[in-house]
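Enquirer: Sequence:
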Amino acid sequence: MSHPMSTSPSSAPDAAGVYDRLQSYQWNYDHPPDEVDVSLEPMGGEWSFCGRTVDSPLGMPAGPLLNGRWILYYAGLGFDVLTYKTVRSSQRPCYDLPNLQPVETGSLQGHETEVPGCESMEGSWAVSFGMPSQEPESWRRDIEWTRKQLPSEKLLSVSVVATIQPGWTLEDTADDYARCARWAVESGADCVETNFSCPNVSTADGQLYQVPHQAAVVAQRVRDAVGQTPYVIKIGHMPEPDRAQELLRAVTPHIDGIAMTNSVATTVRMPGGEMLFDGVPRGICGKATREASLEQTRLFADL
Numbered sequence: 316m317s318h319p320m321s322t323s324p325s326s327a328p329d330a331a332g333v334y335d336r337l338q339s340y341q342w343n344y345d346h347p348p349d350e351v352d353v354s355l356e357p358m359g360g361e362w363s364f365c366g367r368t369v370d371s372p373l374g375m376p377a378g379p380l381l382n383g384r385w386i387l388y389y390a391g392l393g394f395d396v397l398t399y400k401t402v403r404s405s406q407r408p409c410y411d412l413p414n415l416q417p418v419e420t421g422s423l424q425g426h427e428t429e430v431p432g433c434e435s436m437e438g439s440w441a442v443s444f445g446m447p448s449q450e451p452e453s454w455r456r457d458i459e460w461t462r463k464q465l466p467s468e469k470l471l472s473v474s475v476v477a478t479i480q481p482g483w484t485l486e487d488t489a490d491d492y493a494r495c496a497r498w499a500v501e502s503g504a505d506c507v508e509t510n511f512s513c514p515n516v517s518t519a520d521g522q523l524y525q526v527p528h529q530a531a532v533v534a535q536r537v538r539d540a541v542g543q544t545p546y547v548i549k550i551g552h553m554p555e556p557d558r559a560q561e562l563l564r565a566v567t568p569h570i571d572g573i574a575m576t577n578s579v580a581t582t583v584r585m586p587g588g589e590m591l592f593d594g595v596p597r598g599i600c601g602k603a604t605r606e607a608s609l610e611q612t613r614l615f616a617d618l
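The sequence shown begins at 316 in this note's numbering and counts up one residue at a time.
Incorrect hints may appear among the rest.
[What the hints assert, rightly or not] Okay, the calculated beta carbon distance ranges per label pair: (1) L485 with D349: 39 to 45 Å; (2) R336 with E610: 25 to 31 Å; (3) G360 with L392: 18 to 24 Å; (4) G542 with L618: 22 to 28 Å; (5) L609 with T428: 22 to 28 Å; (6) G588 with D487: 40 to 46 Å; (7) M585 with L373: 32 to 38 Å; (8) Q341 with E434: 21 to 27 Å; (9) E350 with G588: 42 to 48 Å; (10) T612 with L355: 21 to 27 Å; (11) L485 with G572: 19 to 25 Å; (12) G588 with E486: 41 to 47 Å; (13) E501 with P554: 36 to 42 Å.
Keep in mind the hints are simulated off the structure, nothing from the lab. Just so it is clear, CB atoms sit at the ideal spot from N, CA and C, and this is done for glycine as well.
Could you put together the complete structure from these sequences and hints?
Expert: What follows is the structure, encoded as structure tokens:
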């Protein structure tokens with residue numbers, strides 16, 4: 316069942332327009348914050364994103380941008396590159412709560428076996444959504460509406476992922492990625508991002524970045540589908556120079572950029588000893604992964 320996006324304003328989850336982690340994904344989708352218009356001083360210098368001129372290098376990743384209303388809210392705060400949360404070729408429900416679980420930990424490097432969960436948000440959290448999506452008819456209509464509402468200088472990127480079915484080959488997966496990417500561009504996306512990393516799903520699309528030759532097949536298929544539209548792949552934690560070099564060699568001919576780092580995965584144990592998410596690793600985001608992300612960005616830039 317799809318849930319078409321209403322274009323009428325609705326009440327925000329709270330005064331700050333923050334995603335309400337105690338409510339369901341669908342509730343947050345249906346209760347975007349009201350638009351704001353914050354007066355900001357122009358940022359000095361000249362900035363570009365994949366060859367497109369932008370007013371600043373400030374962007375917002377796919378996570379909190381559930382639909383057009385959420386995007387307009389963050390655009391009003393001054394973000395200039397806005398990524399529409401990952402969409403699919405068919406409807407996909409969200410995982411059960413908790414979808415955002417606060418954790419209490421220092422900087423993660425990727426070798427940790429578990430982190431402690433906590434009750435209050437202190438800047439780091441485990442993510443467990445499973446890449447939900449509305450039906451294509453719904454998200455395509457919403458992207459078209461969003462691009463028309465955004466100021467022309469704002470760049471709208473759309474994140475897409477394949478919805479792998481039993482018996483699918485790599486070719487089938489590549490075709491599904493390309494289908495979603497083409498739909499996104501036809502609906503008005505200024506840029507397409509293919510999600511090659513999601514530690515919260517068990518299908519191959521969640522770890523494509525770790526298999527360079529497969530990532531290259533998908534990237535080439537997507538490039539063929541989107542033409543000259545800027546194209547970015549999103550990858551997970553990859554601190555090893557040799558693996559990073561192998562991935563770059565495979566995908567560079569087909570892409571314009573790489574978004575990183577899509578979390579550091581580990582398990583979450585609550586204070587009472589309970590393992591959340593049935594003991595299956597989840598992506599940790601926020602302050603705990605800041606240093607690892609900066610280190611990885613420096614690594615790829617140097618290569």
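Enquirer: Against this structure, judge whether each hint is valid.
Expert: Each hint, compared with the structure:
1. L485 with D349: 39 to 45 Å: holds (44 Å)
2. R336 with E610: 25 to 31 Å: The hint (25 to 31 Å, Cβ to Cβ) holds, given that R336 and E610 are roughly 28 Å apart.
3. G360 with L392: 18 to 24 Å: Distance hint for G360, L392 holds at roughly 20 Å.
4. G542 with L618: 22 to 28 Å: Distance hint for G542, L618 holds at roughly 27 Å.
5. L609 with T428: 22 to 28 Å: The hinted range 22 to 28 Å holds for L609 and T428, with Cβ atoms some 23 Å apart.
6. G588 with D487: 40 to 46 Å: holds (42 Å)
7. M585 with L373: 32 to 38 Å: At 35 Å between Cβs, range holds.
8. Q341 with E434: 21 to 27 Å: holds (24 Å)
9. E350 with G588: 42 to 48 Å: With Cβ atoms ~44 Å apart, the hint holds.
10. T612 with L355: 21 to 27 Å: This hint holds: roughly 25 Å between Cβ atoms.
11. L485 with G572: 19 to 25 Å: holds (23 Å)
12. G588 with E486: 41 to 47 Å: holds (45 Å)
13. E501 with P554: 36 to 42 Å: holds (37 Å)
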